[in-house]
Amino acid sequence: MEAVASLERDAQLMLRVREGDTLSFGLLLERHRGPVVNFMYRMVQNRGVAEELAQEAFLRVYRSRTTYEPTAKFTTWLFRISTHLALNWIRDQKGEKGKESLDDTFPGGAARQFSDRCPTVEQRLVFEAKLQEVRRAIELLPAKQRAAVLMHKYEDMDYTQIAAALNSSESAIKSLLFRAYEALRARLAHFS
Amino acid sequence: MRCLMQNDEGAGLLLSYANNKLGATASTFVEGHLRICPDCNRTVEEQKRVWHALETWDAGEVSSDFDRRLYARVDAESARGGFARWTSGMIARWTPVPWRPALATAALCATLAGGLLIQLPASRPMAVQDSVAKTERVDVEQLDRTLQDLQMLKELNPSLQAEANPGSSI
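Protein chains in written order, with our numbering: chain A, 1 to 192; chain B, 1 to 170.
None of these hints come from the bench; they were simulated from the model. Each residue gets a CB set at the ideal place from its N, CA and C atoms; glycine is no exception. Heads up, a few of these hints could be off.
Here are some chain A residues pointing at chain B (derived, C-beta under 8 Å) [stated by the list, open to error]: (1) F58; (2) L59; (3) R60; (4) T71; (5) W77; (6) N167.
A short list of chain B residues far from chain A (calculated; beta carbon distances all over 12 Å) [to be verified]: (7) A24; (8) G32; (9) L34.
Here are the computed lysine-lysine pairs in the BS3-like style, where the Cα-Cα straight-line distance is at most 30 Å [claimed, not checked]: (10) B:K48 - A:K130; (11) B:K154 - A:K144; (12) A:K130 - A:K144; (13) A:K153 - B:K48.
Whenever a hint applies, use it, and build me the whole structure from the sequences.
Set out below in structure tokens:
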């Protein structure tokens with residue numbers, strides 16, 4: 001029920017954007033900015049590039065406003081555009097070093113946040129090591145598997161939505177995800 | 001009973017069960033299978049650990065000037081692209097989807113060629129002509145991308161209908 005309401009809300013906002021209401025574009029941006037940037041960040045593992053790609057995704061949505069028709073769920077369309085951009089960037093960057101160090105801090109120099117309020121040095125080191133392993137395990141996945149896992153795990157998208165975003169069948173996505181998680185299980189099985 | 005991991009449907013069920021995304025009836029079915037299949041049991045336990053490990057990765061905050069930068073790009077484009085937007089709208093409305101990119105390119109090339117023949121004197125410096133051509137080329141690329149994005153939206157329509165079919169989702 002919540003999903004239906006969300007569909008209607010986003011589609012209504014986009015229809016208002018089509019009529020020239022820029023405030024509605026701002027609301028769409030507010031709702032989807034975080035998920036799109038985070039998805040891009042986990043795809044390309046570089047904060048600056050992730051934000052550039054996310055901006056391009058929203059710009060493309062804005063450009064398409066005049067001919068927009070609510071024929072599909074807005075988030076699925078948005079993630080399809082985002083995935084397309086991320087996969088193209090990864091393809092273009094293959095073999096080049098475009099990644100920030102895993103030890104980099106977030107923009108503005110703020111240190112990463114830890115779940116414990118006052119982690120000891122040892123806890124912090126253990127956490128950093130685990131985080132680095134997770135990032136590396138995701139990075140090692142083929143790009144399409146990576147996109148599917150990120151949408152499944154972090155964006156809470158179901159198989160149908162992921163299939164639409166990746167232009168695949170639902171059955172193919174189940175198989176793709178199972179293989180991706182199989183690789184992750186092999187790399188992260190020692191996590192307790 | 002056949003191992004669930006041996007087909008896509010079963011694999012999907014196992015993943016959803018391990019990630020707590022399965023309804024009660026399907027969960028009961030999977031639990032029944034897990035009691036007799038050590039391989040699936042082990043997979044589910046490992047998958048739960050992977051799911052937990054992935055939660056370690058907090059992507060952080062979006063830059064505070066993200067919106068400002070985006071709106072600056074939108075404004076810059078609005079100031080630049082009135083003609084391209086109008087062309088995009090007309091083409092999208094009146095042409096079949098597969099022809100759109102080719103027609104868009106052809107229309108803009110024809111406009112550009114006509115404009116150059118009429119407006120530019122023969123003695124106009126080459127640098128200015130290059131500049132005009134570059135601007136129009138950017139607009140053609142942008143138009144193509146916009147049309148591709150709209151094509152994506154149209155392609156999503158059948159999948160939306162599948163989404164509405166309760167039998168197709170987990």
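Hints and how they fare:
{"no.": "1", "hint": "F58", "result": "holds (6 Å)"}
{"no.": "2", "hint": "L59", "result": "holds (6 Å)"}
{"no.": "3", "hint": "R60", "result": "holds (5 Å)"}
{"no.": "4", "hint": "T71", "result": "holds (4 Å)"}
{"no.": "5", "hint": "W77", "result": "holds (5 Å)"}
{"no.": "6", "hint": "N167", "result": "holds (7 Å)"}
{"no.": "7", "hint": "A24", "result": "holds (17 Å)"}
{"no.": "8", "hint": "G32", "result": "holds (20 Å)"}
{"no.": "9", "hint": "L34", "result": "holds (16 Å)"}
{"no.": "10", "hint": "B:K48 - A:K130", "result": "holds (16 Å)"}
{"no.": "11", "hint": "B:K154 - A:K144", "result": "holds (22 Å)"}
{"no.": "12", "hint": "A:K130 - A:K144", "result": "holds (24 Å)"}
{"no.": "13", "hint": "A:K153 - B:K48", "result": "holds (12 Å)"}
Violated hints: none; the structure is consistent with every hint.
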